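Chemist: Protein sequences, first through last, are from chains A and B.
First residue of the first sequence: 1, per UniProt numbering; consecutive thereafter.
First residue of the second sequence: 1, per UniProt numbering; consecutive thereafter.
Since the hints were made in silico from the structure, they are not lab data.
Bear in mind the structure is a predicted one, so any value in this text is a computation, not a measurement.
A portion of the hints provided could be inaccurate.
For chains that are exact copies, the list does not tell them apart, and a pair is met inside one copy or across any two.
What the hints assert, rightly or not - In the SDA-like style, the derived pairs of lysine to any residue whose C-alpha atoms are separated by at most 25 angstroms in a straight line are:
#, residue 1, residue 2
1, K115, S174
2, K29, A99
3, K115, P53
4, K121, D62
5, K121, F170
6, K29, R164
7, K121, P85
8, K121, I91
9, K29, I18
Number of protein chains: 2
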Amino acid sequence: MQATLALAQEIGYARLSIEAVAARAGAGKHTIYRRWPSKGLLFLDSLLSLNEPVLDYPDTGDVLADLREQIYAAVDLLASPPWGPLYRALIGEAQHDPAVAAALNDRFIRPQTDKTIARLKTAQDQGQVSPDLDLDLVMAILSGPLYFGLLITQESMTHDYIDRVLDALFTGMSPRH
Amino acid sequence: MQATLALAQEIGYARLSIEAVAARAGAGKHTIYRRWPSKGLLFLDSLLSLNEPVLDYPDTGDVLADLREQIYAAVDLLASPPWGPLYRALIGEAQHDPAVAAALNDRFIRPQTDKTIARLKTAQDQGQVSPDLDLDLVMAILSGPLYFGLLITQESMTHDYIDRVLDALFTGMSPRH
Chain A
1 MQATLALAQE IGYARLSIEA VAARAGAGKH TIYRRWPSKG LLFLDSLLSL NEPVLDYPDT
61 GDVLADLREQ IYAAVDLLAS PPWGPLYRAL IGEAQHDPAV AAALNDRFIR PQTDKTIARL
121 KTAQDQGQVS PDLDLDLVMA ILSGPLYFGL LITQESMTHD YIDRVLDALF TGMSPRH
Chain B
1 MQATLALAQE IGYARLSIEA VAARAGAGKH TIYRRWPSKG LLFLDSLLSL NEPVLDYPDT
61 GDVLADLREQ IYAAVDLLAS PPWGPLYRAL IGEAQHDPAV AAALNDRFIR PQTDKTIARL
121 KTAQDQGQVS PDLDLDLVMA ILSGPLYFGL LITQESMTHD YIDRVLDALF TGMSPRH
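For reference, chain A alone in the conformation it holds in the complex (with noise of 0.2 angstroms):
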């Protein structure tokens, strides 16, 4: 995995491919597709396997103050090269290899949405979020803009903007705040 890691950080994803790793770590090919048989798939592991700490919430008691620090890391690690074009070539790949889609889910996104929602359990349960916040919109509603930005745009997202967005969010688009 720490060859695939440094041929995607040399070469880009649409290089990458399952014979080059196999040559750069000294593996034999075959025993590297009987566990991943498909370069999304070892991809997606190797990139997991950096288990970026810096992705978890913080919990200082100021659940806006956390939201923050936490979406601030995950832009800020999306804008160090080359891990932004790296991760929008995983997703591309999830559009078209339901297992590379299945994989990101059940390993990253879902691990990932439990978090933002303990998160936001407690802050609700110290009254600093709404009680009647629906808890299972939360990951959309959050990371949703960052996507966006990410795939979409594909504009750099500065934390001033990640500020702007959560302000918008915790503010609500109804008039008489």
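Using the hints provided, position chain B relative to the given structure of chain A.
Modeler: For chain B alone, coordinates are given in the frame of chain A:
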């Protein structure tokens, strides 16, 4: 472009090629290449040629109702085979082809953003939306959850789900609303 759409529906985006389109359309391959240097760009133009008015915003005077209608229409279109998989494939292409990403933004995302901002500006003027809402964020905030559902979790989105997301966005995450 009709040949492109017909073929894409029949064989899927992955198997689409400019050669196959040329054969279907009875056109010269080089004629097509001159106008559309990649299958991504050809496919984007073909999708746009459908010119779906259903993606415009109604203005009934009730912004929440109008947003619901527009988003229901978008989600219903994506749920009608083969449009969801084809749009996802196009966005997948945009992750590694900057020309497709640029064309998608110029020819579809930005016009849709402008329409969204215009409808919400009207709503602001009529006191239906907070005067403090930063309209530059609304496309990311409103469409973000949809793209999260389309590209990441890849679960079908119901009208009820849309209602709940819009409710959360209008109400806001803060307590005491």
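Chemist: Can you give the numbers of the hints that this structure goes against, from lowest to highest?
Modeler: 6, 7, 8
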